[in-house]
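Novice: Construct all of the structure, not just a fragment, from the sequences and the given hints.
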Amino acid sequence: MKKIFKNNFRELSVIIAIAVMCIIFGALNPVYVSLANIVDILDQAILYGLMGLGIMLPIITSGIDISVGSVLAMSGCIVAKLAVAGVNPFLCMLVGLIVGFAAGGINGLLISKMKLQPFIATMGTQSAFRGLAYIITEGYPVLGVPDSYRNMLNVKVLGDIRISALIFLVWAVIVYILLKKTRLGTYIYAVGGNMEAARLSGVRVEFVQTMAYAIGMLGTALAGLIQVAKLGTGDPTTGNGWEMNAIAAAAIGGTSMAGGRGNPWGTVLGAILFSGLKIGLIVMNVNTYWQYVATGLVIIVAAYVEIFQTMIASKKKKKA
Amino acid sequence: MEKYIEFQNITKIFPGQKALSDVSFSVKKGEVHALLGENGAGKSTLLNILHGMFPATEGKVFIEGKEVKFKNALDAIEFGIAKVHQEINIIPELTVAQNMMLGGEPQKGILLDRKKMEQETQVLLDRLGCDFKASDKVGLLSAGKKQMIQIAKALYLNARVISFDEPTSSLSNAEVKTLFGIIRELKEQGITILYISHKMDEIFEICDRASILRDGTYITTLDLKEATEEELVQNMVGRDVSMFAQRLKPSCADRNQVVLKVENLTGPAGFENISFELYKGEILGFFGLVGAMRTEVMRAIFGADPTTGGTVYYNGEALPENRTPNTVVKRGIGLVSENRKEEGFVKNFDNADNIALASLKKYMKGMFVNRKMKEENSNKVGETVGLHPNDPEFMTVSLSGGNAQKVILAKWLSTDADILIMDEPTKGIDIGAKAEIYKLMEEIVASGKSIIMVSSEMTEVIGMSDRILVMREGHMAGELQRGEFEEERIITYAVGGSQS
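So the sequences go chain by chain: A and R.
What the first sequence shows, in our numbering, is residues 1 to 320, in sequence order.
What the second sequence shows, in our numbering, is residues 1 to 500, in sequence order.
Hint data in this document are derived by calculation from the structure and do not stem from the laboratory.
Taking lysine-lysine pairs in the DSSO-like style, the calculated list, with each CA pair at most 27 Å apart, reads:
hint: 1; chain 1: A; residue 1: K113; chain 2: R; residue 2: K341
hint: 2; chain 1: R; residue 1: K347; chain 2: R; residue 2: K361
hint: 3; chain 1: A; residue 1: K181; chain 2: R; residue 2: K361
hint: 4; chain 1: R; residue 1: K380; chain 2: A; residue 2: K181
hint: 5; chain 1: A; residue 1: K181; chain 2: R; residue 2: K341
hint: 6; chain 1: A; residue 1: K113; chain 2: R; residue 2: K330
hint: 7; chain 1: R; residue 1: K365; chain 2: A; residue 2: K180
hint: 8; chain 1: A; residue 1: K113; chain 2: R; residue 2: K361
hint: 9; chain 1: R; residue 1: K330; chain 2: A; residue 2: K115
hint: 10; chain 1: A; residue 1: K180; chain 2: R; residue 2: K347
hint: 11; chain 1: A; residue 1: K181; chain 2: R; residue 2: K362
hint: 12; chain 1: R; residue 1: K330; chain 2: A; residue 2: K180
hint: 13; chain 1: A; residue 1: K180; chain 2: R; residue 2: K362
hint: 14; chain 1: R; residue 1: K372; chain 2: A; residue 2: K180
hint: 15; chain 1: R; residue 1: K365; chain 2: A; residue 2: K181
A partial selection of chain R residues facing chain A, derived with a Cβ cut-off under 10 Å:
hint: 16; residue: K330
hint: 17; residue: S337
hint: 18; residue: R371
Values in this document were obtained by computation on a predicted structure and should not be read as measured data.
Think of the CB as a built atom: it goes at the ideal place given N, C-alpha and C, for glycine as much as any other residue.
Specialist: What follows is the structure, given as structure tokens:
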């Protein structure tokens, strides 16, 4: 029991923060804890979480991918176009995932093979993928996505909970298994923790990096698929700045921006906390501008908790 | 002045750990005083107290008979106590003068007085006999020259006490000579010097007296004109380890079996036409001075760096020219790097994960890595290498240098590698752990594997090798068989003097 507490300190503290948040917002405005609102929070958290889990992989390799917002739009637009053209919904989904994987793979190759700095490489592709989204749609939203596609991803599986929640859960389990149970996952942590040591131990660092970006982008592609189903349109302007939401979910969940460390369940909880906070501020009728300030502060506090925690951990180690 | 610096009953307690316990001794004015002890003996803690990095839990420090209590490092520097660091912390983008005056730049109004900065710096550089200028960019200077800047900075601050913590670890032989010349000069000027080093020959060469610490307690102070190396070592480790770098078992080298053959290896780093053979069961010593490019050759064999010519044969089979560590490790060669922290292990990984890193395929159950199997392996191999604590969940980064090295050896012993390239295998490791690493190396070759040992420590090369190859400036300079091991001959090859 003690061990569970010690090893999951971060996750537990985020759970406590979520509980405290619910109590405070709930006390201030009971609407916050209504079922409809909670479903709203969850719906939003799903998008942050899918992308957050994805972006975690490059972050753990001590990289970053800021092109996710553009890929969200690009893959969404492609899928919407195909769906409007009458392509089988499952096939649409598959194409969307392939587009995401390929886009992430391009980022990965730029960084691993061409040795570009992750921030610069993905800043370039951020613009390029956004441009492609506009080119595909000629700048107009793709309207009239057929119900056959929308229903596939909007179907309610349990009460008001949609299948998208299930997809989120499955994606989290996949990322968990990938990171904790496979060789590739171990290598992702190793590359982020010490790239040279990993390379000299025979790890194919370039391959590992590329896969981290490619697989991670699947999360963004999933978010794009779900968003198209939710809104019924493919919008080339969507996802602008969303990389920050994704990074925030991962950071709140305890992913180290320096690489080498990160837990999928932390990111899941981070996404829920982040979404709960954003919607809480809306429910409280807080001025939009202050919402930005508040979310910024939360990210900073979360990052500080991380430092604080490491400090305590290192003190304890000296005692041991 | 008989007692220039006096430590009186110094005790330092870190949370849950007593780093120093009732340490009392004194240092004379103008002497070079060595602080000796194994890693973790408390040398650095004591120096840090002197330098005001943190206060002692109990006890007092006196300088010239007056008690001093420094609040922080700056306080101590202003008092005239400076430190030449082990890791040279200098900003490479700035000039020598800018680095020296950092934080105390002379100004003309709100602008820097560049001229004055460079003039004052140049005076100090000249005094130290440095051959570089105050306006040179630091990033382009060698490690030895960077150290000179630290010394010049100490003089600039009118230091009366200068402490050196492993000052020669990254210096070439010529630079060490210059450094010693300067230390002697500083001594003549009445500056008191504290000197920490693991290298015995240096201590005898440059130091007057040595105080020995062991496990946080003060053991004794010896006059180095009278003391012997064995005496020092015995006091440091508290047991008899005379002649620790020595083969305890007969050689296992099988001259009929060449396991690795390197032919005319040439690389962009600057080494040319390197050819040699490694026999089964052999410990092949590679000696050379700084700049001999031994590490570069090893990295090229291992596929870590590219080559421009030559071939490496592993058990008679040529390795591809565009090999990478991945392909070389698969064949069965492991590299124990000189830089443990940077290249040896992953800091976020515990022992089980680090030990399993190069052999992850072995711990699979179906598609998935099995943590339990990793831990079992960690326990088993950890025991073989004498890892302490042998705990799979212990973070490798928190281990001492010697134990971290054992984790890295355990990593390679977990693979099927039958050739280990060990680059400076005992660098920065205390004497007790060194002896264990040597024993381990003998066990490794006894099990039919082979070792290439790159080392700059003469005693180690002579004591442990079956055969010694000497490199000089990127070329093979000589080969010596076991019966021919003589320090003079090896050095002659290494420096390129006439071969008598």
